[in-house]
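Given these sequences and hints, build the entire structure.
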Amino acid sequence: MVWKFSSAEEVKSLVDAYLDVVSSSAVCQGGVIQGLEWCLNEVMDNVLQHAATTHGYVMGQIHNTSQHIAVCIYDHGQGILNSFRTSIHSPNNAVDAITIALQEGVTRDKNIGQGNGMWGLNNIVHSNSGLLNIISGSGFVGIRTNETKTLTNIPYLSPENNCTTVDFQIDFDKGISIANALGGYEPVNIRIENLEDERNNVVYKLADKNSGTGTRQSGIAIRNEIINIRNQTSSIIILDFNGVSLISSSFADELIGKLVVQYGFIGFTQSFRLIGMNETIQAITNRSVAQRLSVNN
24 MVWKFSSAEE VKSLVDAYLD VVSSSAVCQG GVIQGLEWCL NEVMDNVLQH AATTHGYVMG
84 QIHNTSQHIA VCIYDHGQGI LNSFRTSIHS PNNAVDAITI ALQEGVTRDK NIGQGNGMWG
144 LNNIVHSNSG LLNIISGSGF VGIRTNETKT LTNIPYLSPE NNCTTVDFQI DFDKGISIAN
204 ALGGYEPVNI RIENLEDERN NVVYKLADKN SGTGTRQSGI AIRNEIINIR NQTSSIIILD
264 FNGVSLISSS FADELIGKLV VQYGFIGFTQ SFRLIGMNET IQAITNRSVA QRLSVNN
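Everything in the sequence shown is counted per the working numbering, starting at 24 for the first residue and increasing by one.
No false leads were mixed into what you were given.
Below, computed lysine-lysine pairings styled on BS3-like, alpha-carbon distance capped at 25 Å:
no., residue 1, residue 2
1, K35, K232
2, K35, K228
3, K232, K281
4, K197, K172
5, K197, K281
6, K281, K228
Ranges between beta-carbon positions, derived for each pair:
no., residue 1, residue 2, range
7, E183, T238, 47 to 55 Å
8, I298, T76, 46 to 54 Å
9, S181, R239, 50 to 58 Å
10, I177, S294, 44 to 52 Å
11, D196, T76, 33 to 41 Å
12, G266, P182, 54 to 62 Å
13, T77, T238, 35 to 43 Å
14, S36, A313, 37 to 45 Å
Because the hints were derived from the structure by calculation, they are not lab data.
All figures in this text were calculated on a predicted structure; none of them were measured in a lab.
Glycine included, every Cβ here is placed at the ideal spot set by N, Cα and C.
Next up, the structure:
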């Protein structure tokens, strides 16, 4: 599905929604979710700041078989070459403009941006051995690992509306070092920070989940989220059952039972805490975990 965005508020809503879907649909290696968040925010913000148009479009897909995430962001604005017309940069053509935009510190106006967005996008995708394709005006630049392909004869809308498409893919089974990709800078992980309590423990409130606690499918989705959180932080993760009156055995098996199997009993007790369980939930969980362990022994 393609989504339209025209404001910072819409960008935030879309980015949050994409990250929620990815977190619950696939187990991602460390840095992947935060890297995806950086790329989405930076490229969509570029549309709002530099495209000289009222809106852009974004589409994202998860390919579980090939284990990658694909994102495409498009606008029908002035294009990268035209955006540099009033800057200190003097690209010769559309490919030259795209190439310059991928360099660190390059922006059309230092009062508006610092020039880290496209550079950071390229570094994050490259560190993941992913794929980055950029089309703007008549120019195309495609980058995969250490190979770069360029084309100079791409059809475009008009001289005033060059349009820009940023299409990138990252593999969720390959970790990303955000600090290395961004030259030593590591942005604060706001999604994790928002879950932390005063002791810096991550608190995951199951009562807040729309998927509920009654199905195996919900257990799978929440387990994926928990594993992804675990891959992003060394803090203790508290699974808070306050406000949950009942869970199904299949939910308990998928969430707790399989987490215990994955991390081992000692590893689970070191990384996770269970709070707010009533007696019924405790009994269901104990039985489900015991059955899961007996199957895996």
